[in-house]
Amino acid sequence: MSESANWFERQPLWFKTAVFYEIHLRGFYDGNDDGSGDFRGLAEKLDYLQWLGVDCIWLLPYYPSPLRDGGYDIADFFSIHPDYGTIDDFKYFVDQSHQRGMRVIADLVMNHTSADHPWFQASRNDPDGPYGDWYVWGDDDTRWGEARIIFLDTEPSNWTSDPVRGQYYWHRFFSHQPDLNYDNPEVQEQMLNVLRFWLDLGLDGFRLDAVPYLYERDGTNGENLPETHAFLKRVRSEIDARYQDRVLLAEANQWPADVVQYFGDGDECHMAFHFPVMPRMFMAMRREDALPMVEILEQTPPIPEMAQWGLFLRNHDELTLEMVTDEERDYMYEEYAKDPRMKLNLGIRRRLAPLLDNGRDEIQLMHAILFSLPGSPVLYYGDEIGMGDNIFLGDRDGVRTPMQWTGDRNGGFSRADFQQLYLPPLMDPVYGFQAVNVEAQLRQPNSLLRWLHRLIALRKDHPVFGLGTYEALRPENPRIFAHIRTYEDDIVLCVHNVARSAQAVELDLSRFEGFVPEEMFGRTRFPRIGELPYLLTLAPRGFFWFQLRHDEGE
Amino acid sequence: MEEQELRDFVTGQRWFGSKSRTVSTATIVDRATLRDTDPALELLIVEIRFDTGTHETYQLLTDDSYDALSDPRHIRELVHMMRGGSRIPAGDGVVEFNPAEGLGGAGQELREARQVTAEQSNTSVVFDDELILKVFRRLEPGINPELELLRFLTERGFANIARLAGWYAYAGKQMDATLGILQEYVAAGVDGWDRSLDTMADEAASEAFLDTVRRLGEVTGRMHTVLGSDSADPAFCPEETSSESLGLLTATVDEEIESIFLDLPDDVPELDPIRGRGEEVRERLRLLTNFGGTGRVIRHHGDFHLGQTLWSDGDWVILDFEGEPARPLTERRRKRSPLRDVAGMLRSFAYAASAASILRGVEAPPDWEARAREQFLEGYRDTIDMSLVPSGAAMEKLLTVFELEKAVYELRYELNNRPDWVGIPVAGIMRMLEQEAPV
Numbered sequence: 001m002s003e004s005a006n007w008f009e010r011q012p013l014w015f016k017t018a019v020f021y022e023i024h025l026r027g028f029y030d031g032n033d034d035g036s037g038d039f040r041g042l043a044e045k046l047d048y049l050q051w052l053g054v055d056c057i058w059l060l061p062y063y064p065s066p067l068r069d070g071g072y073d074i075a076d077f078f079s080i081h082p083d084y085g086t087i088d089d090f091k092y093f094v095d096q097s098h099q100r101g102m103r104v105i106a107d108l109v110m111n112h113t114s115a116d117h118p119w120f121q122a123s124r125n126d127p128d129g130p131y132g133d134w135y136v137w138g139d140d141d142t143r144w145g146e147a148r149i150i151f152l153d154t155e156p157s158n159w160t161s162d163p164v165r166g167q168y169y170w171h172r173f174f175s176h177q178p179d180l181n182y183d184n185p186e187v188q189e190q191m192l193n194v195l196r197f198w199l200d201l202g203l204d205g206f207r208l209d210a211v212p213y214l215y216e217r218d219g220t221n222g223e224n225l226p227e228t229h230a231f232l233k234r235v236r237s238e239i240d241a242r243y244q245d246r247v248l249l250a251e252a253n254q255w256p257a258d259v260v261q262y263f264g265d266g267d268e269c270h271m272a273f274h275f276p277v278m279p280r281m282f283m284a285m286r287r288e289d290a291l292p293m294v295e296i297l298e299q300t301p302p303i304p305e306m307a308q309w310g311l312f313l314r315n316h317d318e319l320t321l322e323m324v325t326d327e328e329r330d331y332m333y334e335e336y337a338k339d340p341r342m343k344l345n346l347g348i349r350r351r352l353a354p355l356l357d358n359g360r361d362e363i364q365l366m367h368a369i370l371f372s373l374p375g376s377p378v379l380y381y382g383d384e385i386g387m388g389d390n391i392f393l394g395d396r397d398g399v400r401t402p403m404q405w406t407g408d409r410n411g412g413f414s415r416a417d418f419q420q421l422y423l424p425p426l427m428d429p430v431y432g433f434q435a436v437n438v439e440a441q442l443r444q445p446n447s448l449l450r451w452l453h454r455l456i457a458l459r460k461d462h463p464v465f466g467l468g469t470y471e472a473l474r475p476e477n478p479r480i481f482a483h484i485r486t487y488e489d490d491i492v493l494c495v496h497n498v499a500r501s502a503q504a505v506e507l508d509l510s511r512f513e514g515f516v517p518e519e520m521f522g523r524t525r526f527p528r529i530g531e532l533p534y535l536l537t538l539a540p541r542g543f544f545w546f547q548l549r550h551d552e553g554e
Numbered sequence: 001m002e003e004q005e006l007r008d009f010v011t012g013q014r015w016f017g018s019k020s021r022t023v024s025t026a027t028i029v030d031r032a033t034l035r036d037t038d039p040a041l042e043l044l045i046v047e048i049r050f051d052t053g054t055h056e057t058y059q060l061l062t063d064d065s066y067d068a069l070s071d072p073r074h075i076r077e078l079v080h081m082m083r084g085g086s087r088i089p090a091g092d093g094v095v096e097f098n099p100a101e102g103l104g105g106a107g108q109e110l111r112e113a114r115q116v117t118a119e120q121s122n123t124s125v126v127f128d129d130e131l132i133l134k135v136f137r138r139l140e141p142g143i144n145p146e147l148e149l150l151r152f153l154t155e156r157g158f159a160n161i162a163r164l165a166g167w168y169a170y171a172g173k174q175m176d177a178t179l180g181i182l183q184e185y186v187a188a189g190v191d192g193w194d195r196s197l198d199t200m201a202d203e204a205a206s207e208a209f210l211d212t213v214r215r216l217g218e219v220t221g222r223m224h225t226v227l228g229s230d231s232a233d234p235a236f237c238p239e240e241t242s243s244e245s246l247g248l249l250t251a252t253v254d255e256e257i258e259s260i261f262l263d264l265p266d267d268v269p270e271l272d273p274i275r276g277r278g279e280e281v282r283e284r285l286r287l288l289t290n291f292g293g294t295g296r297v298i299r300h301h302g303d304f305h306l307g308q309t310l311w312s313d314g315d316w317v318i319l320d321f322e323g324e325p326a327r328p329l330t331e332r333r334r335k336r337s338p339l340r341d342v343a344g345m346l347r348s349f350a351y352a353a354s355a356a357s358i359l360r361g362v363e364a365p366p367d368w369e370a371r372a373r374e375q376f377l378e379g380y381r382d383t384i385d386m387s388l389v390p391s392g393a394a395m396e397k398l399l400t401v402f403e404l405e406k407a408v409y410e411l412r413y414e415l416n417n418r419p420d421w422v423g424i425p426v427a428g429i430m431r432m433l434e435q436e437a438p439v
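The listed protein sequences derive, respectively, from chains A and B.
So for the first sequence, the numbering used here puts the first residue at 1; every next one is plus one.
So for the second sequence, the numbering used here puts the first residue at 1; every next one is plus one.
The hints are simulated quantities; they were obtained by calculation from the structure and are not laboratory data.
Some clues are possibly wrong.
[Claimed, not checked] So the derived list for chain B, only partly shown, Cβ under 8 Å to chain A, looks like this:
(1) Glu244
(2) Leu248
(3) Thr250
(4) Ser312
[Unchecked claim] Listed next, with one range per pair, are the computed distances between beta-carbon atoms:
(5) A:Asn193 x B:Ala232: 33 to 41 Å
(6) B:Pro273 x A:Gly514: 37 to 45 Å
(7) A:Arg525 x B:Ala159: 56 to 64 Å
(8) B:Val362 x A:Arg525: 38 to 46 Å
(9) B:Tyr413 x A:Gly514: 48 to 56 Å
From a predicted model like this one, the values you see are computed outputs, not experimental measurements.
The beta carbon of each residue, even a glycine, is placed where N, CA and C say it ideally should be.
Looking at chain B on its own, in the form it has when it is part of the complex:
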């Protein structure tokens, strides 16, 4: 294959993340022949090098074209190899296929396959509405958190996930990396974000949704409890934070607030409620962080919001444990306070309430957000292992700090991308200012 051809193919893909950078070379750093009889299938580890000397690594599956994943026969082959636990030598390492235990239907013949690729970083294929294969394109050294967390949760009997059916990975001199995972496909599910919006207009439906939010809190608390339950596994055991952890968090959020209030645009009227009040917000932050610590840190979801949940068969399924895809893998695998996930969901309720009007022209019931928060937190408190979070007032305060951090992040994002949505983080910041001062 010509280098130029390879380069053009990779840089032309949706999953190629660095379109603004100048590519100097594309090199195949390793390859493995997954199948040498017709239809032949080859796996390539490709290094894209930029003019600055930096590089990124991608996974390609090829037959006589660069994009073998468009051919269902190849995808079936990958699944067969996982079921069979194949080990395929590569030039400088090995590609290992692994089945996960106890997945129903895993032995059946696969019929229909369709690509559902909407994601930036991977290519996904659904089989017969039963299984979904996610092929990671951009490779980073280390185990992918999605695989790591699904395995951990599956092994410990946490039911509210789409179970893992198998995975394949590369181990070599260049790197050890997860290449793809196969998991249960939840066909009948409705995503929590859509469901919240769909039910917003109808009083009875919206009441019914709010009832399920309490369950979502329970599921989340249980998920954190399980993730923090194994002190023997170094990748998961809960850790204490250092004495300056609250100070570091405070300083980080404080500087974010200072920086964003420094140049709020004059021509966005939605900003009026908070304009000129940066010092008040910082003062409030100081009151929230004047004592205590940040509790313990554990592995957690990392990118938790309504869009990562599915309502299926009368219960919630939690999806997508990859973490924030824009962050480096090592950072996504870091332990942090589980309350970051909680804050993410609480902010998601704020977004849902406003999105109903922006996207659907439906006014949310006036107390919808407050009730969703209350329901969620009640459920969460029932199931969370209290040793993982600070107790009592300290938990409230820390949660508010994480919400504030998120709202400030949202404010910057919406100002740059979606000015119509600026009111949502503004309302979040206002809500905090209007709360009674913490003691």
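So that you can see chain A by itself, here it is in the shape it has in the complex:
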């Protein structure tokens, strides 16, 4: 049999025009009535994702795990958690996705394993054995004090003492997640085997979790070290040599100037998340000022032509506020986390709709801005129907509740008894499954889901959004976020009003004199652009996308 990947016409830059959709497998659809989502269930819902316009599914970790960190604590890299099915179920799902023209990438944690992983157990029990040097051990907990603690709410130190081995082990995240020792060539080689194993099964790439922390060096904060980049370059060259059209997406929660290093010279990761732009979008909405977005985009260095930013509004983690100043963080907490329960580490554990007070105009405007920026958008499951959260659930479970398919029992997520469900579905009157579900929104032409479907279709009709240049317009009215995207003959003008009130704006479009702006949703032609500033009025939280067309009429 030929390889599953050959379902596709080869397309090395597919990820630059793709729409990504992040799925928490446990919460998507239960195919075997045990209360927990699984691969068979997910495969049943692929028609929905294809309809929505998803090009690539991103799966959270599905490996065997004690699940003390949502599966990011991996106990076996070569297998599937029994709750989710078998390797055969995985292959069936990937194959079914490919048949629908969708690709699949999966989370992979390279930095650490679960403390339950047999490698760690061997390492702690037998320091001189084959795994003795697979983790980062120290006789005391004093080294590398410059490295910050990421999970501030739970971890007092990056070192934890292990009574079995009588030493301390290093962990950048939870103490039950010891860091692997990348100075050991066997660890590097084994991690490459992990990558090959899944790529051979048809996977289209990886979202590389926690990638800046692979190495530790004296006198540094242990982030973005040259050794880390060298290893990632090796990963990339191994993949390029054997596989086609695969993608590596880096999770590096860093400032833009540091993140761009993860693209290398086009020889490292294909994609990286743009973390800092996201909180500034929320900030811009509250302050009714486009400046935070404009500024961070100005500070974003250019990236290689073969590379792409991953852009998102929300994901499975807390809304991270690591990449903002202290002042900005205080502001964000003040505005978006009025209840202290909403805070987690340096972030806010809420979903998109509740963050925006369930404002339909605000949700649409945020998506429009996201889709207009240079990069590929990554949607988070449930946000397309405006699902809510449950801040009374622990850690980040509040944003990982079951997908709401119908108004029926368990929201159509599972036929198991309610008590069996991995988490209770939302049942409150505003966000509960009786009010918010896929079935109802499919049938309502004006629903958020149907609107977003049209937005995705429109974006896919115009490769300019994924491939084009970005040029900010700086109108005098600070409440207007406006820019021009250009790719070959396709010129798109995007104008967004972040204010709660109607606004007028004058745009200097003199170099497009003679062009006619055509509004892209309704295909309405606006007045021809002349020498004078172009005047537009926008509704509160309203936006326009125009295609600038040569005027053929005159």
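Following the hints, put chain B in place on chain A, whose structure we already have.
Showing chain B alone in chain A's frame:
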């Protein structure tokens, strides 16, 4: 062979599908020597790569020229190899030739061969009016649905097809792909589209045609029943649809309607009956989809209309199981409701009734379309396995939704390509608006 020469040859062919794209390279990714003695014959798998980094794959058969298929000796050789079940190693895989069982006349010496190539995606050659060889040019990974469905139907004794005589395929690292099929040639047949138009002017002939339409319905129902009969074969077993399947269909059709009514041109008078009535059409769609599901999904014809049927020897033969050639192969192999085929045929009756006047200057009898529909559906209901379609009113409604979807598609196509034909989909949409509202 020079790369430039190869590129020029492929891009200059009628079957080369991407004439508007910029080709950057043409590469032979695999080759097999099918015959090394005179007349030598070689098979090439050629990858055409575009400036955007994407690619397409084509099949070439060459001797000292690039186009060996113009020489009947080579084509006979291909047929001989199918009969003999040859296995020919390629550089990176194998080319497998296979005979199909029990085809009469398959052992005879082939005499006359003529190319009948009218198709975009393949080259066809007819032998002695008995066999037809179809060589697929543009290759896609996976089994070609034409081969897959013909084999399935042949093996289960479905008689109303041109039987399969053999096929050849490539299996290699690059891809597994069907390269060509050999099947019975129905020489004495008249295609259902021509026959409907030919008989339209004469009352007795048109009555006789309508009588055969009932049979066409029976044959179609039987075809679907057979295609949905094997629950042990994963490629064919009928499947239930998910709870949101009707919602997805509704949303898709609704957005199509919304989009096309958004910019109907002002200068096409044929549009007047439906102009400004987009919201009414959408409302009607909502009434049609307010309950129920989409029934089960099965493999089906995929591009079903009168032009895919032949009247031969007092019965219908169904042709061309390739599906819509513009769609990717994986999509053409997807299971869908069999009622999509039915809707395709019903729309085809609407086209025939109007085409008689547009093409032949003949007015169809006023109730021709209504009677053709009735006859066809009666025959279909007699033979379709009712477990494959929704029952009673739900079936009517779903069928109407598929017809509406088709009519909206036709409207867009005709507006862009054949403004004279716009009246046909308009009448289809009007007919639906004028029907009594569904309950």
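Any hints from earlier that this structure breaks? Give me their numbers in increasing order, please. Hints 4 and 9 are the ones this structure does not satisfy, whereas the remaining hints hold.
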